[in-house]
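J.: Each protein sequence line maps, in turn, to chains A and B.
The opening residue of the first sequence carries number 1 in the UniProt record's numbering; numbering runs sequentially from there.
The opening residue of the second sequence carries number 1 in the UniProt record's numbering; numbering runs sequentially from there.
If you're looking for bench data, these hints aren't it; they were derived computationally from the structure.
As the structure is a prediction and not an experimental result, all values here were calculated from the model.
Backbone N, C-alpha and C fix where the C-beta goes; we use that ideal spot for every residue, glycine too.
Don't take every hint at face value.
Claimed, not checked - Simulated crosslink set (SDA-like; lysine to any residue; CA at most 25 Å straight-line):
id	chain 1	residue 1	chain 2	residue 2
1	A	K329	B	H346
2	B	K157	A	E313
3	B	K335	A	Y61
4	B	K69	B	H413
5	B	K290	B	A372
6	B	K350	A	L62
7	A	K203	B	C430
8	B	K330	A	T123
9	A	K203	B	R133
10	A	K203	A	D261
11	A	K410	B	A372
12	A	K80	B	A372
13	A	K150	B	K350
14	A	K423	A	D43
15	A	K294	A	D274
16	B	K72	B	R133
17	B	K338	A	C13
18	A	K183	B	S196
19	A	K344	B	H295
20	A	K329	B	A212
21	B	K221	A	V112
Unchecked claim - Where chain B lies over chain A, by a calculated footprint (3+ residues, C-beta under 8 Å):
id	segment
22	119 to 131
23	148 to 162
24	232 to 238
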Amino acid sequence: MIPQQDSEFDSNCLKPYYGKLFPYADIFKWMSYGHDGKHPGCDQSYFGRREFSFTLNGDFYLRFQSYNNALELEKAIKEKCPLKIDIGPVYTVDPAKRHAYAQSDNNVFTPVERELIFDIDMTDYDDVRYCCKGADVCLDCWPLMTIAIKVIDTSLRDDFGFKHILWVYSGRRGVHCWVCDGKARRLTNEQRASVADYFRVYKGNENSHKKVSLMGAALHPFLATSYTNVLKDYFEKVLLTRQNLLATEERYEKILSMIPDESIASELRGKWQDSRRSSSAKEDINIVRWEQCKQLLQSGKHKSQGLRRCVEEIVFCYTYPRLDMEVSKHMNHLLKAPFCVHPKTGRVCVPIDPNRCDEFDPTTVPTVFQLLEELNNEGLRADVNGERSGTSLGNSVTLFRSSFLEPLQKGSKEEIERSYNLKLQQSKNSIGW
Amino acid sequence: MEVVRPQSHRNLFSSNDAVSAPTIPLYRSAPPLEVRLEDFESFAIDRLRVLKGISDGLSRGKKPDEMEKLVKDLWKMNMRHQHASEVLNKDIISHFVLRLVYCRTEDLRKWFLSMECALFRYRFRFLTTEAQRAIMDEFDLTCKAVNNVEFESIKEKLGQVARSMGQPSPTVDAIFYKVPFEEVPELVARRQVFISQGYAYVAMNQVVSLVATLFRSQLSKTLVLTNRKWTSSIREQEKHRLTPIVEALSSSYLGPDFSQPREYAEISLKDIDQVAKSSFPLCMRHLFDKLKEDHHLKHGGRMQLGLFLKGVGLNLDDALAFWRAEFSKKVGLEKFEKEYSYNIRHNYGKEGKRTDYTPYSCSKVISSTPGAGDHHGCPYRHFSEENLRAALSRMGVNSRAMEDVMDKVRNRHYQLACTLTFEALHGVQCDAGINHPNQYFSDSQKILQPKKDSAA
Numbered sequence: 001m002i003p004q005q006d007s008e009f010d011s012n013c014l015k016p017y018y019g020k021l022f023p024y025a026d027i028f029k030w031m032s033y034g035h036d037g038k039h040p041g042c043d044q045s046y047f048g049r050r051e052f053s054f055t056l057n058g059d060f061y062l063r064f065q066s067y068n069n070a071l072e073l074e075k076a077i078k079e080k081c082p083l084k085i086d087i088g089p090v091y092t093v094d095p096a097k098r099h100a101y102a103q104s105d106n107n108v109f110t111p112v113e114r115e116l117i118f119d120i121d122m123t124d125y126d127d128v129r130y131c132c133k134g135a136d137v138c139l140d141c142w143p144l145m146t147i148a149i150k151v152i153d154t155s156l157r158d159d160f161g162f163k164h165i166l167w168v169y170s171g172r173r174g175v176h177c178w179v180c181d182g183k184a185r186r187l188t189n190e191q192r193a194s195v196a197d198y199f200r201v202y203k204g205n206e207n208s209h210k211k212v213s214l215m216g217a218a219l220h221p222f223l224a225t226s227y228t229n230v231l232k233d234y235f236e237k238v239l240l241t242r243q244n245l246l247a248t249e250e251r252y253e254k255i256l257s258m259i260p261d262e263s264i265a266s267e268l269r270g271k272w273q274d275s276r277r278s279s280s281a282k283e284d285i286n287i288v289r290w291e292q293c294k295q296l297l298q299s300g301k302h303k304s305q306g307l308r309r310c311v312e313e314i315v316f317c318y319t320y321p322r323l324d325m326e327v328s329k330h331m332n333h334l335l336k337a338p339f340c341v342h343p344k345t346g347r348v349c350v351p352i353d354p355n356r357c358d359e360f361d362p363t364t365v366p367t368v369f370q371l372l373e374e375l376n377n378e379g380l381r382a383d384v385n386g387e388r389s390g391t392s393l394g395n396s397v398t399l400f401r402s403s404f405l406e407p408l409q410k411g412s413k414e415e416i417e418r419s420y421n422l423k424l425q426q427s428k429n430s431i432g433w
Numbered sequence: 001m002e003v004v005r006p007q008s009h010r011n012l013f014s015s016n017d018a019v020s021a022p023t024i025p026l027y028r029s030a031p032p033l034e035v036r037l038e039d040f041e042s043f044a045i046d047r048l049r050v051l052k053g054i055s056d057g058l059s060r061g062k063k064p065d066e067m068e069k070l071v072k073d074l075w076k077m078n079m080r081h082q083h084a085s086e087v088l089n090k091d092i093i094s095h096f097v098l099r100l101v102y103c104r105t106e107d108l109r110k111w112f113l114s115m116e117c118a119l120f121r122y123r124f125r126f127l128t129t130e131a132q133r134a135i136m137d138e139f140d141l142t143c144k145a146v147n148n149v150e151f152e153s154i155k156e157k158l159g160q161v162a163r164s165m166g167q168p169s170p171t172v173d174a175i176f177y178k179v180p181f182e183e184v185p186e187l188v189a190r191r192q193v194f195i196s197q198g199y200a201y202v203a204m205n206q207v208v209s210l211v212a213t214l215f216r217s218q219l220s221k222t223l224v225l226t227n228r229k230w231t232s233s234i235r236e237q238e239k240h241r242l243t244p245i246v247e248a249l250s251s252s253y254l255g256p257d258f259s260q261p262r263e264y265a266e267i268s269l270k271d272i273d274q275v276a277k278s279s280f281p282l283c284m285r286h287l288f289d290k291l292k293e294d295h296h297l298k299h300g301g302r303m304q305l306g307l308f309l310k311g312v313g314l315n316l317d318d319a320l321a322f323w324r325a326e327f328s329k330k331v332g333l334e335k336f337e338k339e340y341s342y343n344i345r346h347n348y349g350k351e352g353k354r355t356d357y358t359p360y361s362c363s364k365v366i367s368s369t370p371g372a373g374d375h376h377g378c379p380y381r382h383f384s385e386e387n388l389r390a391a392l393s394r395m396g397v398n399s400r401a402m403e404d405v406m407d408k409v410r411n412r413h414y415q416l417a418c419t420l421t422f423e424a425l426h427g428v429q430c431d432a433g434i435n436h437p438n439q440y441f442s443d444s445q446k447i448l449q450p451k452k453d454s455a456a
């Protein structure tokens, strides 16, 4: 379990972190999307129209900050030493000068580009995890996040055709996803909402019972693939036993309440109430009970539509990703920048490799304290790659560059080239006329 | 400007079946017609009746087939013209007048856009296949049909999608259109299309969504342009003629937006528990009770209740005190000031982009999507039957009225269900129906206040 810091950590720790470790140049390169180059198609104002926002010590919140280059960004962060850095959209005009434009009748200050973002938070899973609650996470519930990354990442790539996707640990109990393809950045709010809704199966709220309801004679290909490739295995091989989903009466009653056929539910209840006789000590009780449940629901005599779907509904309910919809739906939603330090845990928001997300362990993510100690031990040993490579942060920055930034820069350059040539072509044509 | 009379072949349209007229104009450019001033206004009002009717129908949760009939009737009733040849002109003129009326603010544009698109959508359905094809050609869609080779390779997936919607699998001669997924957001949102590598495969019977989206984006762009023209020249040029008409048209039909508290509604912090009991609609009462119980609400709930309270007349200082008193019990004073007070000031237009936010209307509340841990939304829509019954009986709805309410809920008439609840609790007819939580409140206060006054 990730221990809660007794008090919020001293913001003095952040000074050396921002001074020596924070990857300014990488963040700048990312947020420039190729416009920092020399190509005539580059828009030099691009980075400067991006909103940054800082949460400062002592309850100060600075919104609509903007910087023209990496150096300005670095200077501001070092000087203000924010507890948290949030990244907003790219606006039509420099957000720091928005008031000047607000005078005109037509408000031209409006967001034009923003990564498609997703925020998945463990607190939204409190009704399906028994190991911890609220802000805590442990290795028994973290697989829920692994599932979310796998399901969403696969669909973003295969269904929606996106390529430049960054997953980041939120520093405490969840993950953030940044989809950075040009097409994704230019989606309207309605289109963003449609993607978020595409991912949503969880329809219930606190006041209705059935949380997942799957209708129709077949599952949509996206749901079917997610189920067979990810959800089913994680439910049966990981969560069932790690969360002890069927071990006690209270817990199995929750699953029984999702079975629409009362006779099946009571048959299972009967079996499980005096299970000491029927279950052998060797086999895990959760697995035994799940097999019984599945067998009864899928057996020939109960072939009605609703019951066959019921097994899938239970699995979806306990495993399927739960997104914070509002974050994804609006262009101007802020999201914490990668490589920030979480103000409660001191952990750095490091990128997660979606191809190896099984191996990610939130409890071993470097904390700012640990990094500073490593920095001290490093002493004065000089290094061409800067001091970062001597600390545990080195790997994270390397991962950020190799799996995300470099392919993104290549893609961005091609896109700029393409749209520049297109413009050239169009202007040539118009001259011809 | 010259009078341009319609060509004689327009006589083909008969005023009685205007709805099934061979085609729908796409309103791409303003017509070179001379319009009489009284037609300018009366055509616009007629079209506005149609749009307002659609808006009411949608917010009452009418089902697609009911909407279809409604639109057909509304169009027939309002958009005919004594001269058959003028029907198409009336259609075009009324659209362009309203475009002028509704281009002027973001909210007006939004409303006009959704209503015109809903209208377009239903009219498109009434068209013959040839007329539909013609419109699809206008939008360059026909060339995007999926060829046989590609169809074979994804046949199975297309079948899966069809069956997930309870339809039979498509046959070989079925036509699908391959378009970027962004062009069919509503089909994507409902997972009603197969999507692969950024492209959505839209079946012929879903084409209406695609066409409607294209229509919408075209109209959305031109509305912004119209607005520019309006502010830069038209408003000034027409200061004595059209401008007053245009300005009067928008306000007369949208109803109050409740962003300013009504005179009845000034409430202070000490009365809030009492009025919550007597005059809050169930959606707000539930949030209020949950807040008192948990000392916390998630974002959606804070927005819905917070803006409602603003509309009810709680001033910023009282609002801060109210939320602080509850939240500090759970998260502590410091965290409240740090993380939550900003949002409350924001709602009152004191932070961020300083917009004075408007309380949510019923349609907004009904269309929200509360998730795990959320308490906002419309209880008539989002509660299970069991929970709704319990909540209603806590409010004091008797068992006979309860059955009427539940009946409306089953037919998805959520606002009517709320109206019946209002009537049951106040013992008074509410003919106008409930369209806004703040209207529920002010109507309730209007009934309760005089009683109190006379008692005192």
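J.: Does each hint fit the structure? Answer for all of them.
T.: We went through each hint and held it up to the structure:
Distance check on the hinted pair: A:K329 and B:H346 sit about 19 Å apart at the alpha-carbon level, within 25 Å; holds. With a CA separation close to 21 Å, the supplied pair B:K157 and A:E313 stays within the 25 Å bound. For a cut-off of 25 Å, the pair hint linking B:K335 to A:Y61 stands: about 13 Å separates their Cα positions. A distance of roughly 16 Å separates the Cα atoms of B:K69 and B:H413; the hinted pair therefore holds under the 25 Å criterion.
At most 25 Å may separate the alpha-carbon atoms for a hinted pair to count; B:K290 and B:A372 meet this at roughly 14 Å. For the suggested pair B:K350 and A:L62, the alpha carbons sit about 14 Å apart, so the restraint of at most 25 Å is met. Using a Cα cut-off of 25 Å, the hinted pair A:K203 and B:C430 is violated, with the two alpha carbons roughly 32 Å apart. This hinted pair checks out: B:K330 and A:T123 have alpha carbons roughly 16 Å apart, not beyond 25 Å.
For the hint pairing A:K203 with B:R133, the CA-to-CA distance comes to about 37 Å; that exceeds 25 Å, so the pair is violated. The straight-line distance between the Cα atoms of A:K203 and A:D261 is roughly 21 Å, inside the 25 Å bound, and the hint therefore holds. Of the supplied pair hints, the one linking A:K410 and B:A372 is violated, its CA atoms being roughly 40 Å apart against a limit of 25 Å. Pair hint A:K80 plus B:A372 does not hold up; C-alpha atoms about 37 Å apart against a cutoff of 25 Å.
For a cut-off of 25 Å, the pair hint linking A:K150 to B:K350 is broken: about 41 Å separates their Cα positions. At roughly 14 Å between alpha-carbon atoms, A:K423 and A:D43 fall within 25 Å of each other, so this suggested pair holds. Distance check on the hinted pair: A:K294 and A:D274 sit about 19 Å apart at the alpha-carbon level, within 25 Å; holds. The hinted pair formed by B:K72 and B:R133 meets the criterion: a straight-line CA distance of about 21 Å does not exceed 25 Å.
At most 25 Å may separate the alpha-carbon atoms for a hinted pair to count; B:K338 and A:C13 meet this at roughly 21 Å. For the suggested pair A:K183 and B:S196, the alpha carbons sit about 15 Å apart, so the restraint of at most 25 Å is met. For the given pair, A:K344 sits about 22 Å from B:H295 by alpha-carbon distance, which is consistent with the 25 Å threshold. This hinted pair checks out: A:K329 and B:A212 have alpha carbons roughly 21 Å apart, not beyond 25 Å.
Simply put, B:K221 and A:V112 have alpha-carbon atoms about 14 Å apart, close enough for the 25 Å limit, and the pair holds. Counting residues of the segment 119 to 131 of chain A whose C-beta lies closer than 8 Å to any C-beta of chain B gives 5; at least three are required, and the coverage claim holds. Counting residues of the segment 148 to 162 of chain A whose CB lies closer than 8 Å to any CB of chain B gives 5, which reaches the minimum of 3, so the coverage claim holds. Using a Cβ-Cβ cut-off of 8 Å, 0 residues of the segment 232 to 238 of chain A lie near chain B, which falls short of the minimum of three, so the contact claim is violated.
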